[in-house]
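Trainee: Chains as they are written, first to last, in our numbering: chain S, 2 to 400; chain G, 2 to 400; chain E, 524 to 902; chain A, 524 to 902.
Just to be clear, a hint being listed does not mean it is correct.
Stated by the list, open to error - Mimicking SDA-like on lysine to any residue, the simulated pairs with C-alpha atoms at most 20 Å apart in a straight line are: (1) S:Lys317 with A:Leu528; (2) A:Lys719 with G:Ser358; (3) A:Lys559 with G:Ser358; (4) E:Lys559 with S:Asp357; (5) E:Lys818 with G:Gly319; (6) S:Lys317 with A:Glu530; (7) S:Lys393 with A:Glu785; (8) G:Lys237 with G:Leu107; (9) A:Lys788 with S:Ile390; (10) G:Lys317 with E:Lys818; (11) G:Lys338 with A:Glu856; (12) S:Lys317 with A:Gln533; (13) S:Lys66 with S:Glu113; (14) A:Lys788 with S:Gly397; (15) G:Lys393 with E:Glu777; (16) G:Lys277 with A:Asn660; (17) S:Lys338 with E:Cys855; (18) S:Lys205 with E:Thr867; (19) E:Lys536 with G:Gly319; (20) E:Lys751 with E:Gly701; (21) S:Lys48 with S:Glu32; (22) G:Lys393 with A:Gln792; (23) E:Lys559 with S:Ser213; (24) S:Lys277 with E:Ala662; (25) A:Lys559 with G:Leu365; (26) E:Lys536 with G:Asp314; (27) G:Lys205 with A:Thr867; (28) E:Lys719 with S:Thr359; (29) A:Lys633 with A:Asp744; (30) A:Lys546 with A:Gly576; (31) G:Lys393 with E:Glu809.
No lab work stands behind these hints, which were simulated from the structure alone.
These numbers were taken from a predicted model, which means no experiment stands behind them.
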Amino acid sequence: MSDLEQFRQETRAWLEENCPPSMRTPMPEDETCWGGRNAVYKNPDSKVWLDNMASRGWTAPMWPKEYGGGGLNKDENKILQQELGRIRARPALSSFGIWMLGPALLEFASEEQKKHYLPPIVRGEIRWCQGYSEPGAGSDLAGLQTKAEDMGDHYLVNGSKIWTSYANFADWIFCLVRTNPQAPKHEGISFLLFDMTSPGVTTKPIQLISGSSPFCETFFDNVKVPKENLVGELNKGWTIAKALLQHERTMIAGMGSGPGGGGGSGLRSPSVVAKKYAGEADGRIADPALRDSIAAHNMNSRAFGLTVQRTTDEAKAGAPPGPASSMFKYYGTEQNKRKYELLLQAMGTQALGWEDSTFEEHELSITREWLRSKANSIEGGTSEVQLNIIAKRVLGLPE
Amino acid sequence: MSDLEQFRQETRAWLEENCPPSMRTPMPEDETCWGGRNAVYKNPDSKVWLDNMASRGWTAPMWPKEYGGGGLNKDENKILQQELGRIRARPALSSFGIWMLGPALLEFASEEQKKHYLPPIVRGEIRWCQGYSEPGAGSDLAGLQTKAEDMGDHYLVNGSKIWTSYANFADWIFCLVRTNPQAPKHEGISFLLFDMTSPGVTTKPIQLISGSSPFCETFFDNVKVPKENLVGELNKGWTIAKALLQHERTMIAGMGSGPGGGGGSGLRSPSVVAKKYAGEADGRIADPALRDSIAAHNMNSRAFGLTVQRTTDEAKAGAPPGPASSMFKYYGTEQNKRKYELLLQAMGTQALGWEDSTFEEHELSITREWLRSKANSIEGGTSEVQLNIIAKRVLGLPE
Amino acid sequence: MALVLNEDQQQLKDAAHAFIQDKSPVSALRKLRDEKNPDGFDRALWQEMVELGWPGIIIPEEYGGSEFGYTGLGVVLQEMGRTLTASPIMSTVLIGASAYMLGASEVRKKAMLPEIAAGKKIVALALEEGPRHAPYNIATRGGPSVDGYRISGEKTFVLDGQVADELIVVARESGEPGDRDGLTLFLVDANAAGVKITPTRMADSRNAANITFNGASASGDKIIGEKKKGADVLDAILDRARIGLAAEMLGAIEVAFETTVEYLKTRQQFGRPIGSFQGLAHRAAEMFCEVELSKSVVLDALSAIDDNRDDIAQAASLAKARLNDTFHLISCEMLQMHGGIGMTDEADIGFYMKRARVAAATFGDSAFHRDRYATLEGY
Amino acid sequence: MALVLNEDQQQLKDAAHAFIQDKSPVSALRKLRDEKNPDGFDRALWQEMVELGWPGIIIPEEYGGSEFGYTGLGVVLQEMGRTLTASPIMSTVLIGASAYMLGASEVRKKAMLPEIAAGKKIVALALEEGPRHAPYNIATRGGPSVDGYRISGEKTFVLDGQVADELIVVARESGEPGDRDGLTLFLVDANAAGVKITPTRMADSRNAANITFNGASASGDKIIGEKKKGADVLDAILDRARIGLAAEMLGAIEVAFETTVEYLKTRQQFGRPIGSFQGLAHRAAEMFCEVELSKSVVLDALSAIDDNRDDIAQAASLAKARLNDTFHLISCEMLQMHGGIGMTDEADIGFYMKRARVAAATFGDSAFHRDRYATLEGY
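This is chain S alone, in the form it adopts within the complex (with noise of 0.2 Å):
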């Protein structure tokens, strides 16, 4: 038997064993586990899958065991995703101090600070949020201007931020602050960490056109903060950063439509709704001008994913990794809104309730999701700044 093979059966037996059955249902939004000092959890079972999986460095399986990883490599992590999956095992432990800080510190960190930060996200023990956005500078997201001042044995922050998400539920806070005024703008910020229970820090959600959100918006007000929570070095912060969003860029582009070419499928697939809210004719969507436009963009939906699908298999094939991740964020995000707009169209006035019972679940959702959609163009770098990236580093326009 090979050893990835006895790697499959190891973890096969370890999950049965280690993943609470509840565990193995579909999780209610509210059920998802976040971990942090303040976690409440509704399902108890919740706390001890992320216990068991952190126990092993499951929860973040490719990082070092020295940080408190799995320290699996991509064979095994693939098997251990496979055997999950086979289970339907929820996630043990959503993290953006996983999902985005983790990478940032193992490729910039001092070898102090990964293993003083690292274990304690990969047991969940830690809840962080991200402060980038400011109000004032949106795309030029370099433009920040919350500064952090020497003050010799601290740094002084002083500013605002806007979309951290979750900032009123984190604990941490990894921060683009500017530390040097007078520099160009891309060489006067640095990359600091900081406690949210740090004196001066206060948060408030922001109510989107779609409702509730998790967005927020952070205000600091004289906080201190240690010298050593520099990541990197004084005013090198960019490169971090720039490394992050790349990162973010391609998990937005996601939210588009998989390879599967429907273009969403039961309740959010076009030509299921349509058959149902526009009415059928021989077994056709009754109104020739939506089928065709729906049509359309299902057809868009499958030459996209067999696009990722064809980036996925050039990088296998050993081509160099193309700065397509603009050009998914790009497309990915815009034909996702158009989705929406073909459901509305499609659905006339049901897509379009707010609330009351005279609207089903599914339809006041799409209500919501429709609008939410909207930002998908705008956050994480808007569409205008994909057509830049694509114009200048994929095709060389000048400047």
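Chain S is already provided as a structure; the job is to place chains G, E and A on it using the hints.
Mentor: For chains G, E and A alone, coordinates are given in the frame of chain S:
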């Protein structure tokens, strides 16, 4: 009887007597009367009709009598045009001198120049062409390089022009030249008139993707031009150019569909053509997606026509003339291009023939007209230039 | 008629502008929403509109109106549209008064039009039975009974149905859903037995209602148009509704566009106002063209009614389709160009976005009207 | 199969690239046009392609081919598309050889496929009867006679019909135009009595022919597919034709796009390269996305054939519709961004524009394929 009513009766009587019967029939393109020194009249009545109209100054009905024009006011001119339309009279004279140069001379030329140049234009004795665009300049018209050096008693012109319509048939040219290479580009341009038979002037017709064309390249090799041929002030030619361009833009916008709303008539009407080529079902165009596209197009045509009408009505009502010409140029030409693409879509391979008797004459024409339509959004200021003008001058967006 | 406002119409527009800007900014709609106002509009504000004579604008003088025509009503709707003002003017005046004027008996006109002009009655059209506009797709039955007629069926998206005094109910006396023939427009008391009204709260913060008729009684004398030929008058009513709604949408579009252009001039990014980036500038210029064309079709459609032209239907479909599309475009661009701030409820942008979609779904989306336009034009 | 070329396919592509760039630049097509070449292609060049083995790429080894698959043929077509190279490869190999491979008897395969592989025969599909692709809309009749069958009817837009040795004629044995049932694909000698071929010259400078059959004789043994069930094999042939044509279009698109991007970098206006204007830069970036998606659907469709997947039809309609649309977009933008120079015949841009439209009209425009895709997907 009012003066106007009397004018109508006199005009009608005069036309009855002076418009030869053959001039009241539809005009084949090769009988267009352009006048000029080397005019050839395929139909001798064309010459009679031109001379008769010119004798009353009615080839340029609203120009002052002292310069050979008809001296009519707006109302009288309207009646003249109505009476010409009533008997379906052919245009007595087609002339860039009347359409473009004349208005510029009336506004900018010296009294002596007006007396010298305008009457032969009215009489169709001199045929003019326009020397504006240059091979290197494109949209950046003011970047023109053709230079006129002051040699004391004359200017010495060197350079070349492109897109000079009928340069190979023209007697004289009105031409933008650079007279001060040191000045900012808009401030070193002058407006010069000269004889196309001057030594050093040569022309070469341009073959277009749609076939032969009236356009030429025109080359100037040490052409001597008398100093009195300068119109307006030295280095102030850009002012004249701008006035002329605005005029040209409006002319080209008119190539789009008119206020009728059909988006073209007869064998150029997408709906008529679609029924003929794509077939009918229950009185409708059989292909529902094509039908939807045609409806969308025709509705835009109607909306565009109504906007032209509204702008005219607003001007009549005393509103200041809006900067509408850029919008009309942009939208009208893009709409005309879309119309031809729809015709191609509807007609399939029958609109894609190049020659041979297996295609009907109008089908072969549509192929060529489709290709020719692609120039609409380039000539007279590209669509991009029009959008810039709207953005900056109409909306006031910053540079 | 020339495509410009005459002096009287311009004065009315200026007055409406001043009133709406003062009394009913977008914050008024926000307040209605946050308070979950059960009426869906502000009754005190409506009373002020009544005092200004707005409900009587299209009503002939002999019935207590000011006979100012649809162009007059259009400019008022346009001004209300600028701030997304909610009021019963669409249900009661644009649709209700139009219905009476077009198809009521002299007795009914005399009874009802002065009441509408005086702001004493609210009227609602109970038409739709599915989520997408389909005026002949009527299953609601109107059948004779000993004392007149009985109406049974289910209606949805009845604008102002929750506050109406009287309902104009489109019901079928014969034929099958989809048939143009066999429809009759019955007038039904909203408080009658067998009428069950369930308010719905739409995304644009306006109200509508689902209404169930369970053998509700109607009189054979109280109808609009001719029995079983109700589609004729219904089409005429709907065309007026579409055109008036297009006028309202135009006002909202104007504000959305102006606000966006202003933002492009002032918002700085990368050390420059964002409107100086050609990518955005060209999109703004394209929007300008669409807005200009939208102004023209609304004005033309309004005057088509006032001139009683024979192409009102084409003008209505042209106006509704174009205003749907332009409002869609402008609301999307407004949000995208504002960036993140546009996503916050604190900004007003979401209100325009939501209104754009509800208005588009009301009385026919663009595909519906392109199809109708092509049919009317014979292809 | 992974959406990347394997090593053999890449080598074939590189070789084809070198050959085409050297032997058949766009000027070769210009020359054919200016000389009014009656064949519509260069016979000497075709002979060189034969020597390279191109006609045998998809043909199994047992019939004299190299069995390189459709992905192999696709990369050759793509390279030919880059310079708009005219040749009988589409009529004879992509369509003709496919038809034989899919539906001929073993005897016919043995007789014909080696001839095709050796470049000795040219085959053409006589299908269309109207200006818009409609594969079942066949009025041409094929009826039994004493010595086999007699074909009568009129065909149009037969690619390479003027040079073909053999014609595959889609004729109807039963039913009415529009019926899918009742079609048979007869093999007819192009020189047979009763066959009248009238060459036509298309805007893309390629040739096609109108062909009249006036009782032309055909043998009941010489057919492709099953009698009266010819639509089954016809659909399969057409899907291969569509996919191969899409591959050719992809090559042309790539050149049109690359040329345009290069022009944006070098052409100066207002003292800057025009590609530095964001309005143009954003449009170029959008084109990039469309081109990338186009590459993916072509590669996927080619491998769908080679893998004998059950969604070849969907892949074909997806590829053809998308490549139609992308070629349309890119050819329009190529011309507009080049400005006046793009309108001159001296530039090559017009050739790409013209080819885009003829290719789009061949074997189904985008609306046809969207409709077909929706039907195949069950909505």
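Trainee: Lys559 of chain E and Ser213 of chain S were given as a pair; does the straight-line alpha-carbon distance stay at or below 20 Å?
Mentor: holds, 17 Å
Trainee: Sort out whether Glu809 of chain E lies within 20 Å of Lys393 of chain G, counting only the CA atoms.
Mentor: Cα-Cα ~13 Å, so holds.
Trainee: Is it true that the CA of Lys393 of chain G sits at most 20 Å from the CA of Glu777 of chain E?
Mentor: holds, 19 Å
Trainee: Starting from Lys633 of chain A, check that the Cα of Asp744 of chain A is at most 20 Å away, please.
Mentor: holds, 14 Å
Trainee: Would you mind confirming whether the straight-line C-alpha gap from Lys559 of chain A to Leu365 of chain G stays at or under 20 Å?
Mentor: Roughly 17 Å separates the two Cα atoms, so the pair holds.
Trainee: What's the verdict on Lys205 of chain S and Thr867 of chain E, does the C-alpha distance respect the 20 Å limit or exceed it?
Mentor: The given pair, whose Cα atoms are some 13 Å apart, holds under the 20 Å limit.
Trainee: Verify the proposed pairing of Lys317 of chain S with Gln533 of chain A, using a straight-line Cα cut of 20 Å.
Mentor: holds, 16 Å
Trainee: Given the hinted pair Lys536 of chain E and Asp314 of chain G, is their alpha-carbon gap at most 20 Å?
Mentor: Holds, at about 19 Å.
Trainee: Below or equal to 20 Å on CA atoms is what counts here, so check Lys317 of chain S against Leu528 of chain A.
Mentor: holds, 12 Å
Trainee: Lys237 of chain G and Leu107 of chain G: Cα distance at most 20 Å?
Mentor: holds, 16 Å
Trainee: Are Lys338 of chain G and Glu856 of chain A close enough, with their CA atoms no more than 20 Å apart?
Mentor: This hinted pair holds, its Cα atoms lying about 13 Å apart.
Trainee: Is Lys546 of chain A within 20 Å of Gly576 of chain A, Cα to Cα?
Mentor: Satisfied, since the Cα-Cα distance of roughly 16 Å is no more than 20 Å.
Consistency note: the structure conflicts with none of the earlier hints.
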